[in-house]
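Protein chains in written order, with my numbering: chain F, 1 to 129; chain L, 1 to 189.
Hints are computed from structural coordinates only; laboratory data are not their basis.
Model, not experiment: these values are computed from the prediction.
Be aware that a few hints might be false.
As the list claims (entries may be wrong) - Simulated crosslink set (DSS-like; lysine-lysine; CA at most 27 Å straight-line):
{"id": "1", "chain 1": "L", "residue 1": "Lys22", "chain 2": "F", "residue 2": "Lys9"}
{"id": "2", "chain 1": "L", "residue 1": "Lys91", "chain 2": "L", "residue 2": "Lys129"}
{"id": "3", "chain 1": "L", "residue 1": "Lys22", "chain 2": "F", "residue 2": "Lys86"}
{"id": "4", "chain 1": "F", "residue 1": "Lys9", "chain 2": "F", "residue 2": "Lys86"}
{"id": "5", "chain 1": "L", "residue 1": "Lys129", "chain 2": "F", "residue 2": "Lys86"}
{"id": "6", "chain 1": "L", "residue 1": "Lys129", "chain 2": "F", "residue 2": "Lys9"}
{"id": "7", "chain 1": "L", "residue 1": "Lys91", "chain 2": "L", "residue 2": "Lys126"}
{"id": "8", "chain 1": "F", "residue 1": "Lys9", "chain 2": "L", "residue 2": "Lys126"}
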Amino acid sequence: MVFGSETEKVRICTIANKIIMTPCFFFFDTASSFLVVDHNNSTDTQWWNSQTGQSSHVDFTNPDAAAWFSSRLETILRETGIDSFKFDAGETSWAPSVYTHNIYNTDYIECNVIRQHYSAILFFNRILV
Amino acid sequence: MNGAPNLNPSSLTIDYLRTVGKFGPIVEVRSGHGTQDLPIFIRIIDKDSVWTWSNGIPTLITTLLQANIVGYGFVLPDMIGGNGYEGAPDKELFIRWLQANVFMPSLQFSYVPWDYDSETIAISQKFTKLHEQFTEVILQRFRLAVQTGEPVNAPLWWIDPHDRVAQLCNDRKLISISHDIIIHYIRMC
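So here's chain L without its partners, still in its complex pose (with noise of 0.2 Å):
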């Protein structure tokens, strides 16, 4: 192997994130050494399917906030429902799922509503739409990220960092995208 000694080993990390992010817009990676300038999507690991802090939904907020706080803002969120690796989310746990995932950068379907039933499709329809209707917002927090390095989904305190309040307040239960529009998840688990 090359590379500069004070990289060493992550240089193959970082060269194999530039040789591959030349491949266009849609390319999604899922590692990251200093590549924050990259131009495409970075997913979050695999997710469990549970209710738990063990690597469950909760967890999707905490790897949200971490990936966009160390400059990562073009966060994929791993598949909706989670992977089912200790078998496939009941309806509840994919509804919401995907309703934690409406604000954030891109909705990914493994998991599919008509796996369930006709109120999970109808729920499903409501929420995409939703995520449909709000892409110039995230849209406006990408550019906005390009500029000044700002998250794209924020803990809350980022509107106002000196508010003791929502310093303290448990990033599973708020977040927000922008200054206009503030998220709260009133069951995580």
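Chain F on its own, in the form it takes in the complex (with noise of 0.2 Å):
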């Protein structure tokens, strides 16, 4: 419980991403259905701040993952009375490189991954040049 925060009128916000941590298996056991799965049918990813095959990553293009990560946020607002969150993160990056998609198989996502390798270094030839 965060103390002070109405009556000194100080607001307060606490860190929040959208990496679940392996080894927090009281979230993870519920989030499992939540994550970008890849190609080999593991959740497993790395972020900055986790070994690899320690994090997993919400899949917020899944709508029902999305609420789910929402109220688990709304739970944290209400039995906290912290006031708001600064969300950390968001880049593609730290999900699975080659993840399961619903129109695409994992051959192409794989191609995919290349495919936007070289354009971002043809990207800076052309400007190096």
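Using the hints, put the two standalone chains together into the complex.
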């Protein structure tokens, strides 16, 4: 519980992000159906504050996952008196790179990742030349 | 994952931001993809506590201008003095960083004036007060940005896009926040 935030008129925010840490089994079990899945049917990924295999990424393109995530945040606000959030991350690079997609197969995704990589190189090359 | 083919994989970013953007007016995010319409702060990514163009204090301004030009005007500059990954900012860098922040939308202290000395506290109070005095001007720019998409903090040439001198002004030296106010940075590095 956060004390004093109303009487002192100081607004208190906490940082939040879209990574679910796998050692956090209490949430991970609930979250397991709301995560980005890769071509090996694994949810493992890595971000700047984890080691390999310690984290997973909420799939916000699944409306049920987004609703679940929002409800968890609303619970934090309600139970702690915290006023709002600083939302960290958001870059797609923290998700598994070869993910499964409802339209594309993973072969395409893999090609797409490679294509984007070379597009980036070409882009910088043009600038450098 | 789901999402439109032509937005793949950026749908993950877009849907994240549109989910968390519903959590009220003091929400802050640090990423974006076609999300200029969200009425929330977008934070400048971590800066280094150095004087140089290597992600140091001059790049606070270039990042600010770039964000504005592509339609993200509700910029939350990064913490005053930078992130200090290679050591805390010294007194002058801390004060100059605060001064550079004054006419930007928000001041974010993490290193604090009383980490330094009484002179730093006095200077910080002066410039925090100055920022407060310009709150209404900044809010006017916010309203204009919502109406027209204009930058909140614009490069100098925004006043006169055909002025070649303004176009060639080094953006570390001059920016404006309205047609009435021109900010001149006299020492950035």
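Consistency of the hints with the structure:
1. L:Lys22 - F:Lys9: Cα-Cα ~22 Å, so holds.
2. L:Lys91 - L:Lys129: Cα-Cα ~19 Å, so holds.
3. L:Lys22 - F:Lys86: Holds, at about 13 Å.
4. F:Lys9 - F:Lys86: Answer holds: Lys9 (chain F) to Lys86 (chain F) is near 18 Å, not above 27 Å.
5. L:Lys129 - F:Lys86: Distance ~25 Å between Lys129 (chain L) and Lys86 (chain F) Cα, so the pair holds.
6. L:Lys129 - F:Lys9: With Cα atoms ~18 Å apart, Lys129 (chain L) and Lys9 (chain F) stay inside 27 Å; holds.
7. L:Lys91 - L:Lys126: 16 Å, holds
8. F:Lys9 - L:Lys126: 22 Å, holds
Checked against the numbered hints above, the structure breaks none of them.
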